[in-house]
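Number of protein chains: 2
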Amino acid sequence: MNTPQLVDRVRAGDRRALARAITLVENGAPQLREIMAGLAEHAGRAQVVGFTGSPGVGKSTTTSAVVRAVRDKGLSVAVLAVDPSSPFTGGALLGDRVRMQDHATDPGVYIRSMANRGHLGGLSWAAPHALRVLGAAGFDVILVETVGVGQAEVAIAGQADTTVVLSAPGMGDAVQASKAGVLEIADVLVVNKADRDGARVTLRELRQMVAMKDREDHEWKPPIEMTVADRGEGVGDLWERVREHYDHLSASGELAERRRARAREEVQAITLDLLRSRMAGPEAGKGLDRLAADVADGRTDPYAAADTLVGELTDSTGP
Amino acid sequence: MNTPQLVDRVRAGDRRALARAITLVENGAPQLREIMAGLAEHAGRAQVVGFTGSPGVGKSTTTSAVVRAVRDKGLSVAVLAVDPSSPFTGGALLGDRVRMQDHATDPGVYIRSMANRGHLGGLSWAAPHALRVLGAAGFDVILVETVGVGQAEVAIAGQADTTVVLSAPGMGDAVQASKAGVLEIADVLVVNKADRDGARVTLRELRQMVAMKDREDHEWKPPIEMTVADRGEGVGDLWERVREHYDHLSASGELAERRRARAREEVQAITLDLLRSRMAGPEAGKGLDRLAADVADGRTDPYAAADTLVGELTDSTGP
Numbered sequence: 660m661n662t663p664q665l666v667d668r669v670r671a672g673d674r675r676a677l678a679r680a681i682t683l684v685e686n687g688a689p690q691l692r693e694i695m696a697g698l699a700e701h702a703g704r705a706q707v708v709g710f711t712g713s714p715g716v717g718k719s720t721t722t723s724a725v726v727r728a729v730r731d732k733g734l735s736v737a738v739l740a741v742d743p744s745s746p747f748t749g750g751a752l753l754g755d756r757v758r759m760q761d762h763a764t765d766p767g768v769y770i771r772s773m774a775n776r777g778h779l780g781g782l783s784w785a786a787p788h789a790l791r792v793l794g795a796a797g798f799d800v801i802l803v804e805t806v807g808v809g810q811a812e813v814a815i816a817g818q819a820d821t822t823v824v825l826s827a828p829g830m831g832d833a834v835q836a837s838k839a840g841v842l843e844i845a846d847v848l849v850v851n852k853a854d855r856d857g858a859r860v861t862l863r864e865l866r867q868m869v870a871m872k873d874r875e876d877h878e879w880k881p882p883i884e885m886t887v888a889d890r891g892e893g894v895g896d897l898w899e900r901v902r903e904h905y906d907h908l909s910a911s912g913e914l915a916e917r918r919r920a921r922a923r924e925e926v927q928a929i930t931l932d933l934l935r936s937r938m939a940g941p942e943a944g945k946g947l948d949r950l951a952a953d954v955a956d957g958r959t960d961p962y963a964a965a966d967t968l969v970g971e972l973t974d975s976t977g978p
Numbered sequence: 660m661n662t663p664q665l666v667d668r669v670r671a672g673d674r675r676a677l678a679r680a681i682t683l684v685e686n687g688a689p690q691l692r693e694i695m696a697g698l699a700e701h702a703g704r705a706q707v708v709g710f711t712g713s714p715g716v717g718k719s720t721t722t723s724a725v726v727r728a729v730r731d732k733g734l735s736v737a738v739l740a741v742d743p744s745s746p747f748t749g750g751a752l753l754g755d756r757v758r759m760q761d762h763a764t765d766p767g768v769y770i771r772s773m774a775n776r777g778h779l780g781g782l783s784w785a786a787p788h789a790l791r792v793l794g795a796a797g798f799d800v801i802l803v804e805t806v807g808v809g810q811a812e813v814a815i816a817g818q819a820d821t822t823v824v825l826s827a828p829g830m831g832d833a834v835q836a837s838k839a840g841v842l843e844i845a846d847v848l849v850v851n852k853a854d855r856d857g858a859r860v861t862l863r864e865l866r867q868m869v870a871m872k873d874r875e876d877h878e879w880k881p882p883i884e885m886t887v888a889d890r891g892e893g894v895g896d897l898w899e900r901v902r903e904h905y906d907h908l909s910a911s912g913e914l915a916e917r918r919r920a921r922a923r924e925e926v927q928a929i930t931l932d933l934l935r936s937r938m939a940g941p942e943a944g945k946g947l948d949r950l951a952a953d954v955a956d957g958r959t960d961p962y963a964a965a966d967t968l969v970g971e972l973t974d975s976t977g978p
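In order, the protein sequences belong to chains A and B.
All residue numbers for the first sequence refer to this note's numbering, where the first residue is 660 and numbers rise by one.
All residue numbers for the second sequence refer to this note's numbering, where the first residue is 660 and numbers rise by one.
In short, the hints are calculated from the structure, not lab data.
Some clues are possibly wrong.
Copies of the same chain are indistinguishable here, so a pair counts whether it falls within one copy or spans any two.
[Stated by the list, open to error] Mimicking EDC-like on lysine to aspartate or glutamate, the simulated pairs with C-alpha atoms at most 20 Å apart in a straight line are:
| id | residue 1 | residue 2 |
| --- | --- | --- |
| 1 | Lys945 | Asp966 |
| 2 | Lys945 | Glu916 |
| 3 | Lys732 | Asp906 |
| 4 | Lys872 | Asp932 |
| 5 | Lys872 | Asp906 |
Nothing here was measured: the structure is a model prediction, and the numbers come from that model.
Isolated chain A (complex conformation) (with noise of 0.2 Å):
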């Protein structure tokens, strides 16, 4: 299958094709270029949903959950589940298989795993690539799951148009999700396990949390719903508050500006890669190895020689 091919197949939603453009993106390979190019005017109409939480919340459970709840909806989704830290995919593949039990034979749902691979700190722009691909393949709805609360995991949800942060009774995760800036970042609040001691308890421990953060949106106030996702309980009310928060973004203009900010950050992503290869080739190559050796050697510091390599790299004229 060569690239127009691949292109022309994830557009129609073909399953192999959409499991190897995913592939492609873990790997950073060069035919992403062909590929973005094909998908570009495609992508983007689908509606975004992230699930962030510490393990141990119900996030699989969740997810699939609300699969259902979408289902009955008549739409279609994707559930794309990264996880940032791991160069393997492993762990999450075994989910994959256990969550594809209850949806394999559904045609309108596709379940996809991601590892960011690649150089240190991951594939920055991996996660937006594959939205791209999920997107332009026409699903409805995609559904972006996270494995940790790490700063990389808050970054990954965050790029959907509704993230959605899930707590459970007992784990003291409402104060670590304060902590690692989850909370900044949730449109939606889910006590899960709402059955279990202690919800009420952490179900105030939000309500005051999210009451004393300002948010940027002084119109949305993000709602808090209890949960008991592995009987659907409440997840039918959930899915209704993410309606109401995709809603709310179009209304208000701002469902167009994340998308922008979504592909700021994609692009900016990607010319830094651009960059850091230009570094490295023979042209700017040659003046970053003078100016290693002078930093190597005590002649100068590396903040006086990374100035004049951005010198180098960039116009003279420039600031």
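Model the placement of chain B on the given structure of chain A, informed by the hints.
Using the frame of chain A, we list chain B on its own:
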């Protein structure tokens, strides 16, 4: 204490100044520019030894035992424990306290933990900066200990003059290490806890893997040392191997080459940070915003947009 004073006191080996300077590194403080300029000509004289290996192989114990071996030679030593995956210093600091007990009263020993904070993937220049600070303070030897065996840990440990990779019997971590690319960067290998069952098996596995690896430096065959670090057994020999590698590096000219490579990484990372801020700045920001809108609306793809942005940021006569 203003910045010139801080630079002077760091050079004098003042503990409080050292602690302050490394905290500034952790926080990516604006004073770093001036500090690094002041320290440039004094840095880079220490012998830097990296220690890496899976959790549980006894890295802390081994590092502590090596500190003793180095002190027995009459050399001063600094230990830098880096946790690249955590934005918090919590866990690492606990380790400090435990190990400090052994060396707390010794003025020739300095131990410090460092977390990588800041943006996604951590500050890639943080560990090199801290090495620069400790080197300028006049320590003869700097031991860098990383917390795990991920890519970030490998990258940090790989910035040492000599990289020591630790294993222990029955952890299957020889295979893990092989996967994570640790063996490629190992200059000296250690089987710690060599009094346990399976030490011979681990030794044999490592030997086979080392034999299979094609190293760039054909003149150095990584030795494998058996240690029982908590009783100090084999640690003197381990230090001898490290010294032999250092002598080999010096004699072959590779020492200067490794240090240039380290400086190269550092300059490159700072340059990317500068370009990143420039992209977010008022000038390029406008171009980026326009391009992001084009991408979000499907008028172009992120790669074409990045090409345009690189063109705007860099000289038009460039490649």
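Evaluation of the provided hints:
1. Lys945 x Asp966: within (15 Å within a copy, 22 Å between copies)
2. Lys945 x Glu916: The answer is between: 15 Å across copies meets 20 Å, while 41 Å in one copy does not.
3. Lys732 x Asp906: Within one copy only: 16 Å inside a chain, 71 Å across chains, cut-off 20 Å.
4. Lys872 x Asp932: neither (35 Å within a copy, 30 Å between copies)
5. Lys872 x Asp906: Result: close neither inside a copy nor across copies, 23 Å intra and 57 Å inter.
Comparing the model with each earlier hint shows violations of hints 4 and 5; every other hint is respected.
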